[in-house]
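Fit the two chains together into the complex; they arrive one by one in their own frames, and the hints show the way.
Chains as they are written, first to last, in the numbering used here: chain A, 290 to 597; chain B, 41 to 417.
Only true hints are included.
Which chain B residues face chain A? A few, computed with CB under 8 Å, are given here:
| hint | residue |
| --- | --- |
| 1 | Val133 |
| 2 | Ile189 |
| 3 | Val192 |
| 4 | Ile194 |
| 5 | Leu196 |
| 6 | Ile201 |
| 7 | Ser207 |
| 8 | Trp208 |
| 9 | Gly212 |
| 10 | Tyr326 |
| 11 | Ser368 |
| 12 | Val371 |
| 13 | Val372 |
| 14 | Ala375 |
| 15 | Leu376 |
| 16 | Leu379 |
Since the hints were derived computationally from the structure, they do not count as laboratory data.
Ideal placement from N, C-alpha and C gives every residue a C-beta, glycine not left out.
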Amino acid sequence: MIDLAFISAWLAASIRMAAPLVLTGVGGVFNERSGVFNIGLEGMMLVGCFTAVAGSYFLGGVIVPTLLAMLAGGLLALIHAYLTVSRRTNQIVSGAAINLLALGLTNLLMRRFFMAERVRAALYPVLLPESWAKIPILGPILLGQPWIIWLAFILPPLAAWFLYRTTWGLSIRACGEHPEACETAGVSVIRLRYLCVIFSGLMAGLGGASLTLAELGYFTQNMTAGRGFVVLAALVFGKWNPILVSIACLMFGAADALQLRVQTFGWNVPYQALLVLPYVLTIAALVGFVGRTNAPKALGVPYSPEEE
Amino acid sequence: MTETRGNGAGMRRILGDALLSASRPAIAIAAAFVVSAGLILAVGANPLQAYAALLAGSVGSKASLAVTAVRTTPLLLAGLGVAIGFKAGVFNVGSEGQIYAGGAAAVMVALMPLPLPGFIHAPLAVLAGFLGGAVWALLPGYLRAYRGISEVVITLMMNYIGIYFVSWLVHGPIAEPGAPYPQTHLIQSTARLPILLKGTSMHAGILIGLILGVVLYIVLHYTPYGFRLRMVGTNPDAARFAGVNGPRQILTVMLISGGMGGLAGAAEILGLRLRLFDFFSGGLGYDAIAVALLGNSNPLGVIVSAVFFGALRAGANRMQQTVGIEASIAVVIQALAVLFVIGMGFRQRARAKAKRQDKSARAAVGAQSVGEGVQAQ
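If we strip away everything but chain B, and leave its shape as in the complex, we get (with noise of 0.2 Å):
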């Protein structure tokens, strides 16, 4: 992509690229609504009505802004883990396990009344989530990049060892004593992520998010790295012949892909939940395939969708006290982009995939075609 800059024919390409790639999520998202509006009609509401409150609790005003971002923030920084799994054909659905270990991780260094500063005390924290996030994706990375064990089945046995690991932390070992419901206590002052706009609780997390888009970005299209990243994710032959050590390559992927997981969970916890609960996620993993893939797997597009789908959440909530349609609507609505987006045009890439398809890639159960399928859009 990098060589054709400056060339006029070069940019007009690259230009359609993106709107090509751009128009597909955006009719996938178009149909979808089309599709919810007549499930709205038959559960007896207006569509028009509910897309009106839908609209106005997402971006009608500063307060439903702030609950955007928000929504807004643990998509993204998970979304973007996925997308970069995605980019090196490393498929993390581990996402939700990664999102606990992660919370787990932070809630730990956030508990503790450390004499420091909330600009140190914080980060810190920050940091133990990614790491708690990386680790969850240790094993999952190991196995694939050295063993050859797929990393699908592994990352999505490790999300619910996540799940119960923490329910486990918060009815027993760091449980609050007397709670009404499993969970820590607060944590302290000085862990918390700040608040960006008084008054709302939108918090640093979403800050987060934008700035490790972009440079995800720029580490991707700009550096030897992510050329060797991409080059792994879309023709791991061709990366070894060229040299490049395809099994580290994957590893550090891993890591990286989880990490950012772990940092969902930890701006879910220390920006916005103030403590660690059973089942506090409840899905957001799930969620970060929709948005990597709707993102067309590039931190930038991954950007866009996040933004749209914690727009959908925050939305949805207004939308079921005004209107009174169950705000699940932003799940229906969110699972028919997908599989609008999934069911339109991606027959040729496959193909074009299966040409090149080795052994190895076939004993990465379900993980091939995701790399390219999904960057193709």
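The shape of chain A in the complex, shown without the other chains (with noise of 0.2 Å):
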């Protein structure tokens, strides 16, 4: 039963299931790094992923509705960042409050709009042509994927490197470390945390997009399904790093792969424990079974330039 085939298969799907959680994780990254919690990320890949299906189904194509995807999860993020950095609310409560919002919206709209459930949408396309996909390995995991799945190899790399190795990422890390040296250094932390929130909300509306885009082509209720949370689970795993978080995503979409073959081949085993992995994993790093996990240091805390 397992051969060549099917390890190709799984592969593929495991990249992705994978995609849309790198891409909602790299914003994560920022996010979090520069102190704000966000679990609004679940709503804001949700949203993505409506505006993605409608705007393909007004207008057609996928890079408009690709941008229109993240402009809206940009949007709830700019509510965010509102709530959570302006008037210093809870960052927990302004989160739940945002995904209640985007799950009864798409709800909402989608009903109105979309007589059929399930209208189908442009894909994004595969660039290359078949016979590449063909290749061993390579093949079935990126040449032979639409492009927006490059997408998620390309930008954890650059990731990195905005963070670790410019002025600009070093500012952020120091932002969710601590605000007030950041400050006294001449960087505006209100002003870093709103492009940090925003950039996640983007990230996670594209996110949203590859969700319905690359494969499915349509929207149903509720369609990340916790993949939000997944995302916040692999944040913690990977260290708020992102090569690290994206690899944490890979594992995570593999075994999503995994527990939907072990469903329709029947195995002997509950495929609910493949899907409560991403969650075990990240209680025991958090706990310390796996390495030490260091949260920055101000995530979570809002922060009042007026005070010392």
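This is the structure:
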């Protein structure tokens, strides 16, 4: 039962499952590194899914719908940034409310505008000729995939370079560790946090777009089904490092792809065991069983410039 | 608060505080309705007609009231759990998982053909539900209390472990063979919660919620335990100097909070669904956060807010049937109300809080400012 064809198909599915997580995760790293907790990633992805499908349905193509999806995610993130950075409200409550808002709005609009629930939208094209996809390993995971998936390979190293090798990256990291020091050095903590939160919204929107338009082309109610929370797990498990977080996302995506196969092949393994993997591993990481996990020190702490 | 009783000025202040704390959620809810009216217009329906259907569907008749009570029950029980956590500065976002754990524990007891009368079997199953929820909160509670690990991430992760745990149960170990959906058999009739209103589905869960709401209010405000709890939430340093065992206090609060989530799951299964099935909660645990917040984390306020959201959910179904506006508008109204309430004048409290912030609070990711931030409203 387990042969090369099985492994190829599983790898290809793993990458497709992981790409939305990776794209969202790259944004999430910036957002949490700057000191803001964002459980609203789930809702931002969901809105991204919806906007991508709606955009593709009404306008056609994939580029404009993708940009609209990012914009939609970014708008929700702007609400989160305003509430948590400017108003200093609780970041969890704000994120939870954003998830609810996204769920309610997408349901409402879906039923209204897409008469049939499963409207087919345009998909991201596979750029390389089909024969390339037959190349072992590299074919299924990379060459035979639509181009949006390639972004999931390109962006994490870029993000890591930005975060660890540029002054901006240093400021972001400082902002999440010791915002007062950051401010003293002349960097506006408020502005930086706004930018990082909005960036994570844009990326979650992109992640949502990749979830629908890479393979499915339709929107279903609550179709992210907790993927935003898997990303939150990956952020912790990957120690807020873009590369490690992406590897965690790949692992979790692979587990997800495997559980679908466990179900279809009827293997005698509870597939739920694979689905809980991200959460169990993350708790283990937090407790200290799997290496040490150091969250950014100021993560979740609102910054008030008026005081020392 | 209690020290000002009996004093005229104090009374006025208490009344003033109560009015003030109730006015903000009220304004937020009103604003949410106005914005949602715009949305209803945008999707091509008449908001007045829609809201009339909403009202009729929630309080318009005996049957509607019963539906409101049924919808209120899990929101109330889980909302009380989240609220008591808030009071102690503990952010239990794991209600969803605790609901699943409580539902699973309750159904185990309820499926057993015990030779017991209903007035023993049903309470036993309810108790099992409480314990199931508490067990689900044990790990995050212990880690927060004794290891300083943020309960936020752990409880979030426990949610999905709970959801998939129940999914596994109803697919395998306690699945009803040949059922069209992953589910268990119907529970024993002796384990069902009694129906309060003949001909409706209004079950005794609402009574459990109302009674516990009052009990929790009394515990919070009139017992030493409640005093210590609030002290740990508002000023952990002072509590430590006063000799309060902070970690133990936090662990017990977490267990109670989780237990309340478990009760919500148990009531849903034993009173309404009568069997356990895949994804039975569908986000009630997250709604509970909104309920606790708009109820100002005060158990009596939570009762009001849970009834309000229960009515909203009940009426939304009627609205969908008669006006054709999707019931999910209720979710939008709820989300907007939360966003508005936290957006309104939270700032001063956050500032006052930041002054007191100590290192241990910083270690608790996202947990800070919840305790009093939420109370302050």
